[in-house]
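J.: One-letter residues, chain by chain:
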Amino acid sequence: MVGLACALGGAVHAQPAEKAPPPASAAKQPAAKQPAAKQPKPKKGAKGAKVELAPTIAAINGASVDAAVKAAEALGASPEPAAHDALLDALAMGLPPTVAIVAVGALLQHPAPPDVTALKRYAGHRNPMVRSAAYGSLAMYPDPVARKALVAGLRDMTAAVRAAAAAAAAKGRVREAVEPLFELLARNEEPAAKALAAMADADLARKIGEQFGKVPEPILATTLGMVLKRTDFGPDPARVELVRAIGKMQDPKATAVLTEYVEATPKNPPRASRQEAQKMVEARVGGGGK
Amino acid sequence: MNRLLAIALVVSLAGACGPKSMFRLTSDDNDRAAISTALAKRKLPEQATPINAARAPRMFVVQNGAPKTIVAYDLNAASVMWKMDADVQSRVWVGGDFILTLEGKQLVARDQKSGSPRWKVGIQGEFVGAAADRDRAYVTWREGTNAKPTWIIAGFDASSGKEAWRAPSEGELGAPSVHAGVVLSPFLRQWLYLVDGATGQQLARLRGIDEQISVVRVTSRASYFGSKQGVFALDARAASGKKTEATYGQVKIPPQLDRTSYGVDLYDNVQTGYTAADRARVLWASEPTESGPMKFTGDTYAVHYFRYVFGFDLAGELAWAYSNPRVELVASEHTGGAIVVISTQGDIVALDPKTGAVRQKKNLGLGAQVLGATIDADGWVPPGDGEKVETVAALVSIARDRDARFDRVKELAVSSLAKLPGGQVTKELLAVLSDKRAPQKLKDTVVEMLTKRKDPASLPVLATQLQVRADFIAKTEPESVGPVAKAIASLSGTKLDPKDVTLALAALQGHLDDPATQTPELVMVIRAMAAIGAGAERTVLGSHLLLYHADDDLGADNAWQTAIVTALDVHGGPGEKELLRQVAADPRTKPGLATTIKDALVND
Chain U
1 MVGLACALGG AVHAQPAEKA PPPASAAKQP AAKQPAAKQP KPKKGAKGAK VELAPTIAAI
61 NGASVDAAVK AAEALGASPE PAAHDALLDA LAMGLPPTVA IVAVGALLQH PAPPDVTALK
121 RYAGHRNPMV RSAAYGSLAM YPDPVARKAL VAGLRDMTAA VRAAAAAAAA KGRVREAVEP
181 LFELLARNEE PAAKALAAMA DADLARKIGE QFGKVPEPIL ATTLGMVLKR TDFGPDPARV
241 ELVRAIGKMQ DPKATAVLTE YVEATPKNPP RASRQEAQKM VEARVGGGGK
Chain R
1001 MNRLLAIALV VSLAGACGPK SMFRLTSDDN DRAAISTALA KRKLPEQATP INAARAPRMF
1061 VVQNGAPKTI VAYDLNAASV MWKMDADVQS RVWVGGDFIL TLEGKQLVAR DQKSGSPRWK
1121 VGIQGEFVGA AADRDRAYVT WREGTNAKPT WIIAGFDASS GKEAWRAPSE GELGAPSVHA
1181 GVVLSPFLRQ WLYLVDGATG QQLARLRGID EQISVVRVTS RASYFGSKQG VFALDARAAS
1241 GKKTEATYGQ VKIPPQLDRT SYGVDLYDNV QTGYTAADRA RVLWASEPTE SGPMKFTGDT
1301 YAVHYFRYVF GFDLAGELAW AYSNPRVELV ASEHTGGAIV VISTQGDIVA LDPKTGAVRQ
1361 KKNLGLGAQV LGATIDADGW VPPGDGEKVE TVAALVSIAR DRDARFDRVK ELAVSSLAKL
1421 PGGQVTKELL AVLSDKRAPQ KLKDTVVEML TKRKDPASLP VLATQLQVRA DFIAKTEPES
1481 VGPVAKAIAS LSGTKLDPKD VTLALAALQG HLDDPATQTP ELVMVIRAMA AIGAGAERTV
1541 LGSHLLLYHA DDDLGADNAW QTAIVTALDV HGGPGEKELL RQVAADPRTK PGLATTIKDA
1601 LVND
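Residue numbers (the numbering used here), protein chains in the order written: chain U, 1 to 290; chain R, 1001 to 1604.
So here's chain R without its partners, still in its complex pose (with noise of 0.2 angstroms):
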């Protein structure tokens, strides 16, 4: 009985070691002539081109329902190839003449031509991910207890579903990805495994010394890998592991799109369907560059960010801008030649990536909703230049956005809208702030790019906007005086059409001369008159201050006292200071403004 006890506890062990697996902590890292050997092992095509057998650019799109719906686009015919009613748990894998899905328990291959379901396997354990490529499909799935997970990544026959290879792991796997052959699988977080898609022996393994590894993204001729901060080229100076010895790149993305990616998080179960994580992207193509860091396609990229699309140059600052009108853009890709959007309601957009320009724009037609595409279009340029760039109106739209979760990108806007010149914008800034539903922050902001702009041309704008005055009758009330009175003040030392600045003096004085302005605003309104008045001011504002020199309200008001004394003493002449000196001796003047006073002409 001992003995079989024994027996039984070695044969016991020795299943618990099993076969060496090849997913372990100590292996050859980064090993160059490795990572070489196994990217040459990839059928890469000549030329950008769709994953898919008949090299035509398509989107297989998921539409909600009970059950969802699988639609096949063929974006260069823009029809419906076909479309399917399936439980999809997952987002859709591209193969060669097949895609790739989970529906309920099971992964289906289904014919890419047909929809019709070609082959399913049933996924044991915790799905984690599949990918697709020509000839095979590749499954990440884990299993065993909490105490004891084993990962297992497989390769199935892309025609008959058949198990080619499996390779277990005692280690985390992220979700698999697939290059022209070679699988890419990630390990730990911090590797990257690269295994021949054929037999599933290891190729190579890189290590991320700088960065973890949680992103890959594949395209036809190249691959990257990466996490949050930024993605390397996979290529042979990959081996470094080092951001400054590879080809790697990191965009600018602005703090309003923080949620931003470089794509899908492989560790990340729930993203192993389409999420609002898809929704949030930078998009990017490259050159191949045998040194320094990644050389991106026309030096621009994009940030796909919910409802709007964002071109950046290379400095981070805004090239152009795309607002989809009324509904979330839930997947984007970058195919190298357009940037590739589909809504929630199955608007199809491609733009210009140098410009933004509309290239096409479709609707799948089909009503219901969209949860999520992938989109198989590499190399695809859609016909035409395209329609003229709005980015202005895209600007402005987003700004004024009624969409509360969109704040900080609508700060954005109005940042990116104030740089561009022109008495336009201007007017589209002061809308913002006319607008009684828009956040007090975005307004602060709006200030705050006003004031920047220091824009000439802006002047008549600011003027007009100053020509509402409160009216009982008329039901008006004016918007912005104080802000619209600082951004005139920040034009001082600018050059300055006179005829404006004339327009704008008696706009100004409108408001000075208005009981129902504000203290603060008027105090902006005095700053103002003074800063562009170049003398035309002063006489005005030299009756104000007599008027009010011995106001219980306003004379004693400390801002107002040094608005008015700056004005008259610092842009007067002797006439200004001589009144100045005048009211200070006026035994009604207000005490602070007369201190305020002799403080000012101390130095005279």
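If we strip away everything but chain U, and leave its shape as in the complex, we get (with noise of 0.2 angstroms):
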């Protein structure tokens, strides 16, 4: 059994959970003694309360799933490197996908390198929402591995799994999902668009926007929109860009999210992308424009 599940990658852990944690091994190693460009950052507030770790482990590998959900909940919280290693052990000796869905992403509280190589495995579980999980997770870890993986999601034939795949590479900023984004928006997919436009800054934006002719107009202009609405994004003539790229566009679409952002930006103090934007509503829809 040892054997064998130290051949799993390195991500199953040998010991039943019932049993005494195993000696760590190199795949096991706590955080902190990985190299510091490894490792991602702990979520916010998780100082974690102390648990009793034997009851909390026979928890996650028993039976019960609402205890074993309470059970990977209070495993992630804990800042205890064994804690997060027992959560490890759950997930290597297989969990009911309600159980995993919450302790990968109990993982997160204090995430370390060996973590990717569980999340990896189940970033391809046959339940979606397992999958789904598992990449909001991924994209949490700066290890080119978990961003390899999570860039793959962008390509599940789920639509939900590569929503929640597209969401994740927002998240984390990964620009290596930039150009699957672009192909899942010349597709149409929403998801995709709000993925973009959340990461964008002044380059990306400008990529965007030279996909005009490549991806249909309305999600594209939808897109440039959504870019231009969000108040980190800037400066104004990196905005009088997205107009104008937005202005090129024939489709109704474009005009609505031009006067969209007419409406929302005040008149003062004057923006040269407001003023432009009012200009091309105007010539479109023959005056009227605030």
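Hints in this document: simulated from the structure, not taken from any laboratory. No residue lacks a Cβ here, since even glycine has one placed at the ideal position from N, Cα and C. Take the hints with a grain of salt, since some may be wrong.
Here are a few chain U residues that sit away from chain R, every Cβ distance over 12 angstroms (derived from the structure) [unchecked claim]:
hint : residue
1    : P55
2    : R155
3    : R173
4    : K253
5    : E263
Between beta-carbon pairs, the in silico distance windows are [claimed, not checked]:
hint : chain 1 : residue 1 : chain 2 : residue 2 : range
6    : R       : D1435     : U       : K207      : 52 to 60 angstroms
7    : U       : K207      : R       : E1578     : 51 to 59 angstroms
8    : U       : K207      : R       : P1498     : 42 to 50 angstroms
9    : R       : P1498     : U       : D251      : 54 to 62 angstroms
10   : U       : E52       : R       : A1559     : 39 to 47 angstroms
11   : U       : D66       : R       : A1559     : 27 to 35 angstroms
12   : U       : A67       : R       : P1574     : 32 to 40 angstroms
13   : U       : K248      : R       : P1498     : 26 to 34 angstroms
Both chains are sitting in their own frames, so use the hints and assemble them into the complex.
T.: Written out as structure tokens, the structure reads:
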């Protein structure tokens, strides 16, 4: 059993959870012992209460799903490396989907590089909700393996999983996801629009604008409109560029997006982007712009 | 008055009886001496040669149009001799220096060199068929009413068209054939009359004991008779009338080619013209033999089946295949040295009977659609060795043919293809599986054949097939994962290259871990990994079991439970058995899975 589990890519911890935790292996080194560049940041507020390990471990591996879910949350919240190891052990031994969803999320409370192998395994789970949860967690690891796995999630055949991967990519600012997100945008995938809009800096916003002709105009206009609405996006010359990119589009959605921008932006202080948008709207609807 | 009536009645009755017909139910049947004498009257050439007086290999083609056109073609010169518009209602019969056709309601003899009409004879009644030899034309027709029909066979002088003799029959006569002066006239499907072509006198009579007689084939040196079941050589041994004591030949025709026959059905009036029946023929040549069954030349035979020609050995195993591009072959003949076929587009192809090599390919060059043809080329051997035989390509072309009429032929092609070794063949079979328009039954056949092949050389091809994965962005979906995995599993016990095994295991694992893999296919993947893995698969399968042992969907699937437990129990070592025990003891394990494990380990 030990031999088998050790062979499972380092993520499968040999000892059954009821038994004493196994000796620390390279794969199970606590986060502190890993190179700094590979360390994701612990979740905010993840101080964690001290838990009694043995019963919690028994619960996560027990027959009661409710108790296992609670145990997963408790183990995730615990600052003790052994608790984190117990989570990884439980995942390695296989958890029912409902528990696995919580467990992969719980890892993020005190992320450590070995988590990636376990998360990658669950990112291929047959249950779409498990996959979605795994992608959500993978995005928070700077490990290239994690990012590659996350980008693969954008190719998933289930729309909900792709949406989860896209949202995760945006959350983790995963630049490797940009090109696949463009592909999804071209196929009218709304989550890709949201992800790109959330990730966009001036440079990415320009690249999104360059998708004109490759991506259906309504979704492209929507994407750029979402970028325009972001209060943290700027400076204004970058917004002007976006307005002009939207202005190239003939689809009514482009006019609607510009109108929304004009309406949502105060007149003062004056913004060149707003003025340009207003002119375009007036030209299209024959006056009446604000 | 009464006396006059009585006389009239007597005269009438006498007329009804008429002269005694040679066609009757009772006669001397299967008289070996008479048959030998009759056969000895034939003036046979020393070597196989065309019937025509010039001894030149020729083809007489009927082309569609209004009116139709008869085209005479010289096979040696590969050139058209002449073409004539004519209202052709029959096939063409080739004589010495003339050809014979039914044109409208007239039997027309045309000069073979020029195509000009030489003489015409009106046919009264229903035309049954005709034949020609060097000196004469022979015609059978039906007169009278349905209540009292009479069949008549008559001989006509080839030069003048003058009727030389006629013989009536109250029983049904089939279309006549003639072999070097001896007319072969089928009677009531049971008998074959051998009649002197010069006089119309009966020479001998054969009775089919084992089979009816509805088919006659004549070449320059041999003739055959029989039915859809098989053929007898017309030699002295034919007198027995029995398959076991005669020179009898029966080839193995695959069930997919079930429309094939040995020749024209002489009792089917439709077949006096060119029909679809001409497109499904057994093609053969034979050597004379004094004993035993028919000795097929080269121990081979062929079947022309619409667009295709298949060569077989005597065990019925496919030796070669020819697939004509796009259009059907409408006529075919085995000349002894070649199989000559012509397509509806006028392509004339000569194939090597032993290898299927294309020895000659020409085109009539006239454009119009070919309805049918009579090939007078006995003994003809086209020059050259022929192009390389592309049997695999031909079989692939057949298997992937879009024409739904040939679905059964496609199954034959796939079955034959699967018997050939090599990765390329596997690749082609997989292409059939990937073809969305291929019929399901054909795909089922491919799967069955892939499994039966057990060809280690196919493993890399099968593994490559599994490289394609479900990808929403790339718009790809894996093809035939289940069948391919099944084919890989069938390689268990064969000697496999370790590098190929590694490649295949990686590809299989890709689908094992792919959530898009459907459960039935997943089961096949697990079996395949266990079948070829030799232990290298155990870790991966163990991890897979752990991941899903508590899963409500997969974990509760019976087929998956059996597959994964068997893989780890039968193909695993002590570590895997321990893992199974652990999983069985886990309270979260699905009950069915736990039971399956316990059942599997009951003897451990």
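J.: Now look at each hint and say whether the structure bears it out.
T.: Hints, one by one, checked against the model:
no.	hint	result
1	P55	holds, 15 angstroms
2	R155	violated, 5 angstroms
3	R173	holds, 20 angstroms
4	K253	holds, 24 angstroms
5	E263	holds, 36 angstroms
6	D1435/R / K207/U: 52 to 60 angstroms	violated, 40 angstroms
7	K207/U / E1578/R: 51 to 59 angstroms	holds, 54 angstroms
8	K207/U / P1498/R: 42 to 50 angstroms	holds, 47 angstroms
9	P1498/R / D251/U: 54 to 62 angstroms	holds, 58 angstroms
10	E52/U / A1559/R: 39 to 47 angstroms	holds, 42 angstroms
11	D66/U / A1559/R: 27 to 35 angstroms	holds, 30 angstroms
12	A67/U / P1574/R: 32 to 40 angstroms	holds, 33 angstroms
13	K248/U / P1498/R: 26 to 34 angstroms	violated, 58 angstroms
Checked against the numbered hints given earlier, this structure breaks hints 2, 6 and 13; the rest are met.
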